[in-house]
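Novice: If you want the building blocks of each chain, they are given just below.
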Amino acid sequence: MTSTRREFLQNSAFALTVGSALPGARPETHSSGVVAAAPFRPVVTPNGATAPHRIVDGVKVFHLVAEEVRHTFAPGLDAFCWGYNGKVHGPTLEAVEGDKVRIYVTNRLETATTVHWHGLYVPSGMDGVGGLSQRSIEPGETFLYEFTLRHHGTFMYHSHHDEMTQMAMGLMGMIVVHPKSPSGPPVDRDFVYMLSEWRVIPGTRRPDPNEMTDFNVLTLNGKIFPATDPLVVRRGDRVRIRFGNLSAMDHHPIHLHGHSFTITATDGGDIPESARWPETTVLVPTGSTRTIEFVATEPGDWAMHCHMTHHVMTQMGHGIPNIIGLDPSLIDEKLTNAVPEYAAMAQGAMNESAQDLASETPPNSLPMVGGNGPYGTITMSGMFTIMKVRETEPSGDGGWYAPPAGTLARPATEAELSRDGIPK
Amino acid sequence: MRGNRGLYLWVLGLCSCTAGLENTAHIERDVRTRIEHRTGAEVGDGTADWQKRAEAECRPWLREPLTEERAVRVALIRNASVHASFARLGIARADLVQAGLIANPILDLNAKFFRFGSEVEVGLAQPFLDLLLRPRRRAQADADLRASEARIVEEMVALVYSVRRAFAKQRAAQSAFEVASHLVRAAQSSREVMDSLAAAGNVIKPQQTEQEIVQSRAQLSMARAEAQQIEAREDLTHLLGLFGEDAAWTLAPASGERRFEPGDLSQAEARAVAASLLLEQRYAQIDAVAQRSGMGATEAIFGGRSIGLAAKREVEAGWGFGPAGSLALPIFDSGDVRDEAAEAALRVELAELTQDAVEVRSTARRLRERWISRSRELRYRNAVLQPLHTQLVRDVLTHYNAMQVGPFDVFSARIRELRAQAELLDAAYEADLARLDLEELFAGHAPREMQEEWRPSMFLAMSGE
Chain A
1 MTSTRREFLQ NSAFALTVGS ALPGARPETH SSGVVAAAPF RPVVTPNGAT
51 APHRIVDGVK VFHLVAEEVR HTFAPGLDAF CWGYNGKVHG PTLEAVEGDK
101 VRIYVTNRLE TATTVHWHGL YVPSGMDGVG GLSQRSIEPG ETFLYEFTLR
151 HHGTFMYHSH HDEMTQMAMG LMGMIVVHPK SPSGPPVDRD FVYMLSEWRV
201 IPGTRRPDPN EMTDFNVLTL NGKIFPATDP LVVRRGDRVR IRFGNLSAMD
251 HHPIHLHGHS FTITATDGGD IPESARWPET TVLVPTGSTR TIEFVATEPG
301 DWAMHCHMTH HVMTQMGHGI PNIIGLDPSL IDEKLTNAVP EYAAMAQGAM
351 NESAQDLASE TPPNSLPMVG GNGPYGTITM SGMFTIMKVR ETEPSGDGGW
401 YAPPAGTLAR PATEAELSRD GIPK
Chain B
1001 MRGNRGLYLW VLGLCSCTAG LENTAHIERD VRTRIEHRTG AEVGDGTADW
1051 QKRAEAECRP WLREPLTEER AVRVALIRNA SVHASFARLG IARADLVQAG
1101 LIANPILDLN AKFFRFGSEV EVGLAQPFLD LLLRPRRRAQ ADADLRASEA
1151 RIVEEMVALV YSVRRAFAKQ RAAQSAFEVA SHLVRAAQSS REVMDSLAAA
1201 GNVIKPQQTE QEIVQSRAQL SMARAEAQQI EAREDLTHLL GLFGEDAAWT
1251 LAPASGERRF EPGDLSQAEA RAVAASLLLE QRYAQIDAVA QRSGMGATEA
1301 IFGGRSIGLA AKREVEAGWG FGPAGSLALP IFDSGDVRDE AAEAALRVEL
1351 AELTQDAVEV RSTARRLRER WISRSRELRY RNAVLQPLHT QLVRDVLTHY
1401 NAMQVGPFDV FSARIRELRA QAELLDAAYE ADLARLDLEE LFAGHAPREM
1451 QEEWRPSMFL AMSGE
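If you read the protein sequences in the order shown, they are chains A and B.
Be aware that the first sequence starts at 1, since it is given in this note's numbering, and climbs by one per residue.
Be aware that the second sequence starts at 1001, since it is given in this note's numbering, and climbs by one per residue.
No wet-lab data here; the hints were simulated from the structure.
There may be inaccurate statements among the hints.
[Unchecked claim] The following residues of chain A were derived to be distant from chain B, with all beta-carbon distances above 10 Å:
hint: 1; residue: 44
hint: 2; residue: 49
hint: 3; residue: 124
hint: 4; residue: 136
hint: 5; residue: 208
hint: 6; residue: 299
hint: 7; residue: 327
hint: 8; residue: 360
hint: 9; residue: 378
hint: 10; residue: 401
[As the list claims (entries may be wrong)] Part of the chain B face toward chain A, derived, beta carbon under 8 Å:
hint: 11; residue: 1197
hint: 12; residue: 1388
hint: 13; residue: 1390
[To be verified] The following label-pair restraints were derived from C-beta to C-beta distances:
hint: 14; chain 1: A; residue 1: 205; chain 2: B; residue 2: 1416; range: 25 to 31 Å
hint: 15; chain 1: A; residue 1: 319; chain 2: B; residue 2: 1254; range: 48 to 54 Å
hint: 16; chain 1: A; residue 1: 343; chain 2: B; residue 2: 1245; range: 36 to 42 Å
hint: 17; chain 1: A; residue 1: 135; chain 2: B; residue 2: 1201; range: 38 to 44 Å
hint: 18; chain 1: B; residue 1: 1048; chain 2: A; residue 2: 343; range: 55 to 61 Å
hint: 19; chain 1: B; residue 1: 1226; chain 2: A; residue 2: 205; range: 32 to 38 Å
hint: 20; chain 1: B; residue 1: 1200; chain 2: A; residue 2: 422; range: 28 to 34 Å
hint: 21; chain 1: A; residue 1: 392; chain 2: B; residue 2: 1207; range: 37 to 43 Å
hint: 22; chain 1: B; residue 1: 1254; chain 2: A; residue 2: 320; range: 36 to 42 Å
Just so it is clear, the structure is predicted and the values come from calculations on it, not from any experiment.
For glycine and all other residues, C-beta sits at the position ideal for the given N, C-alpha and C.
Using the sequences and the hints given, assemble the complete structure.
Specialist: This is the structure:
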């Protein structure tokens, strides 16, 4: 409980700090004049942030500014995206069931926009569908959305004006509404992820919203591995992970290694305990949220990733021939023979380190896979992260797990092969 | 005695007019000097000794890689048309001397034999008109000779620049063959990768067939490029006048051996007119025709007539001497028609001179603009377009390294680069031709409009793209 408390205080302090940085912010006021402890475990948005708010006359006031943001998916890959409050994706809006919220939306884009509160019960005129619920917010305008959060759960917000373009550019974020009267076992860790997909052609610096099928940057909270922050937990922690998916065209089966879990809620509400079943993969359809819970019983470094294999690649080219079964040196030989530029490039690479042998790649692009692991390159990217379960309260990113003796895969010895009748 | 002395002086006077060919030997030297001045190339004196020496000298050149300057010198030694031109100059020289000669006097002998003796009539007559027109005829022949000189210099200038053009063509054809070889190498490599992928079971047959087609077309292109090279070589060989072992020459690599200094191109028209050998010929022809004008009446009266001496011995009176002569009465033919014809001929020459001058000026402007535009295009292609194609290959390679594109995209970019290189050869060849045309114009000969549309990149037509 000590650690839980410390996390709680840390998160409250963070909310205060960020809150004072609100554009045009006034000192947060509250009817009691003090900052009240939130009656919930604040959610953590890995690689992201929780939106600051003020309380004015008992109303939680948020301010979202839609604007262009230069976003880094991972070091080496930047793009001019659209986000809220300088972030991609927008900060998580966090509140409690029954809260009255007032959300100002300022449009600093060069085109009209709206915000839709995906999954929330709101008055029709607050639903944010441009042309249907309201007129769209023109550049430079600030609109006010105001409603009461009538139910708890995991929800999303996103543009509902020229959705194809604006969501492809990143205009989305998560909403977490904690229950007023929590039921079930309390969690020690509460994480939230927005799953999304992009098309950023290597060498360009802007997502291509026209893409319909070939998305090449698949993100967890706007980041790709190895830039995704790990989930660091302590053994025995009850962990909740909330997933929202606003990918343009894809669902994402998120698989957690080393543990099983149950799906406890969707954006439609909590799932009765009697209807839950154990899983190791949760399929998060686009336009939906899924919440899973489990107890982190197994110490170690555990992968968590989308199980669609092309979703754990970054900027993969799909127009290249299949070279499996071919001696790769043959292509090198033929290119060297016929293309002087390639020969020159290869000659230059001779003096470089092995890492550079792949040689020159387009600016603002990343290798399709590859993050450093304790035993070599992790041939994953995209929607991939690591859950680190440690025996004691971890610090920082938890470092790499040191497996106890006899628990690490290794080359078989001659004696072992012989003993078990395995041919070499 | 007085009659004998007069006859002696007359004969002596006639003999003094019979100058020999030796006196005109300087004409060939002058012509050679003019050719050297205009082309920068040495021309021999045409003697058998010189020819023998020159041929011995040029044979080792043919065993070394041939440069453009050497090719020009070889052509001036070995091309038989050079000898023919100088032989024609010899004819003109002879015509000049001939025009200075006085027609031979006519000795007329008439004898009659009677029972009591014989009568003898002797007449010695000199054609009257020949004497009268000799200065004009001489002047006309001199003008004809000047025209011949100009024509020969022009022929040599044309030959020299034909050789230079053929040399440029041969060099371009050789470069085109090299590009075609690279094209085949790229297509071949591309096909081999595709064949390997097919062997691995990774591609469908149409993909493989497509690569086979590309490679086959590249082979055809190279065959065409090789044929172009052989044909271009023959163009030069025949201009060099070579055959047999001497025709096995090789080409020296380009080394920028000769620079074109275009001078003040704003004065291109004036320079072309001043240098024009065609106009020089026209002027000479006008002089020649002018010598014939106004001679109609003279010819009508004196044509075919003569003056001289007559002697007769009669049986009874013995020898008698006296002058003799004949004269046509211009009753029916006053010579006006001939005068009019001569004046019309003069007007023809003047009109043609004017038109030729207009054409020379027009040619000067056209060639100047062509050279400027082709040079600019060549510079642009060298500085911008070709580097862009090379850059494209590098860019595609970076995307290949990033696995965004496959090896066939790289081969394809390389093939496009090579096609652009062939177009660059076209541009370089056209710039060479434009330069040579302008140089030739400033050397005195307006180049003929090229009938042949040959370009180095023509082999690409076989590649089907």
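Novice: Would the hint on residue 1390(B) stand, with a C-beta cut-off of 8 Å toward chain A?
Specialist: Status holds, d = 7 Å.
Novice: Does the nearest C-beta of chain A fall within a distance shorter than 8 Å of the C-beta of residue 1197(B)?
Specialist: 6 Å, holds
Novice: Does residue 44(A) really sit off the interface, with its C-beta more than 10 Å from all C-beta atoms of chain B?
Specialist: It holds; residue 44(A) is separated from chain B by about 34 Å at its closest Cβ, greater than 10 Å.
Novice: Could you see if the CB distance from residue 205(A) to residue 1416(B) stays within 25 to 31 Å?
Specialist: Since the Cβ atoms of residue 205(A) and residue 1416(B) sit about 26 Å apart, the hinted range of 25 to 31 Å holds.
Novice: Residue 360(A): least C-beta distance to chain B exceeds 10 Å?
Specialist: 5 Å, violated
Novice: Can we trust that residue 49(A) is non-interface, i.e. its beta-carbon lies farther than 10 Å from all of chain B?
Specialist: 32 Å, holds
Novice: Far enough from chain B: is every CB of that chain over 10 Å from the CB of residue 124(A)?
Specialist: Holds: least Cβ distance 46 Å, greater than 10 Å.
Novice: Is the gap between the beta carbons of residue 1048(B) and residue 343(A) within 55 to 61 Å?
Specialist: Holds, since residue 1048(B) and residue 343(A) (Cβ atoms, about 58 Å apart) stay within the stated range.
Novice: Between residue 1200(B) and residue 422(A), does the C-beta distance stay in 28 to 34 Å?
Specialist: 29 Å, holds
Novice: Has the hinted range 36 to 42 Å been met by the Cβ atoms of residue 1254(B) and residue 320(A)?
Specialist: Given range 36 to 42 Å: holds, Cβ gap about 40 Å.
Novice: Against chain B, does residue 299(A) keep a CB gap of more than 10 Å to every residue?
Specialist: Fine: 37 Å to the nearest Cβ keeps residue 299(A) off the interface.
Novice: Decide, holds or violated, for the assertion that all CB atoms of chain B are farther than 10 Å from the CB of residue 378(A).
Specialist: Holds: least Cβ distance 18 Å, greater than 10 Å.
The structure is inconsistent with the numbered hints 7, 8, 12, 15, 17, 19, 21, although it conforms to all the rest.
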